[in-house]
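Anchor point for the sequence shown: position 53 equals 60 in my numbering, and the numbering is continuous, going up by one each time.
Hints listed in this document are in silico derivations from the structure and should not be mistaken for laboratory results. Backbone N, C-alpha and C fix where the C-beta goes; we use that ideal spot for every residue, glycine too. Among the clues, some could well be false.
Claimed, not checked - Derived EDC-like pairs: lysine to aspartate or glutamate, alpha-carbon spacing no greater than 20 angstroms straight-line:
1) K90 to E80
2) K96 to E84
3) K96 to E80
What the hints assert, rightly or not - For each label pair, taking beta carbons as the anchor points, the in silico distance ranges come out as:
4) D53 to N28: 30 to 40 angstroms
5) Q125 to S95: 16 to 26 angstroms
6) R88 to G17: 28 to 38 angstroms
7) D58 to G119: 12 to 22 angstroms
8) L18 to R117: 37 to 47 angstroms
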Amino acid sequence: MSNKICACCGLSFEKRPQVPNQTYCSLPACQQARRQRWQRDKMQTDPDYRDNQSRNQRAWLDRHPEYWRNYREANPEYVDRNKSRQRSKHDLQQKVDLAKMDVSQGMALRPGLYRIEQISSGDAASSEAWIVEITPLNIDCPCKKDVCKDRT
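Starting from the given sequences, assemble the full structure and let the hints guide the process.
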């Protein structure tokens with residue numbers, strides 16, 4: 008028998024001969040992580056599975072229409088946290104005209120080489136967003152690299 012390293016916890020485990028490609032150990036937390044990964048991958052790659060999951064969730068919600076109302080009543084901290092997030096999101100949208108996906112329509116960027124540099128975002132953008140400056144590069148060298156030594 009050979010030992011392998013678990014993809015979840017990183018501990019060594021003895022793989023089962025019945026499972027030649029085993030990558031997770033038998034700990035319950037690792038098996039749960041393995042099932043979650045399988046479902047996440049299946050949702051991304053299989054439209055039929057995704058559609059079936061969506062219909063099942065809708066059917067469950069139709070059978071339990073009071074679930075979210077009861078949950079909010081039983082978990083007031085959830086309600087407060089959600090209200091706070093919504094309020095801060097609304098305030099941010101009021102303060103800053105955030106970039107939209109269609110802002111570049113009508114402004115065609117010519118083909119070529121550009122340098123993209125992140126500039127300070129201040130507190131206007133979320134931690135997931137970047138504010139960048141796009142600068143065209145004037146490179147005459149045939150290798151088209153900004154750091155080329157032969158560039159004039």
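Check: So which of the earlier hints does this model not fit?
Finding: The structure conflicts with hints 3, 4, 7, 8, although it agrees with all the remaining ones.
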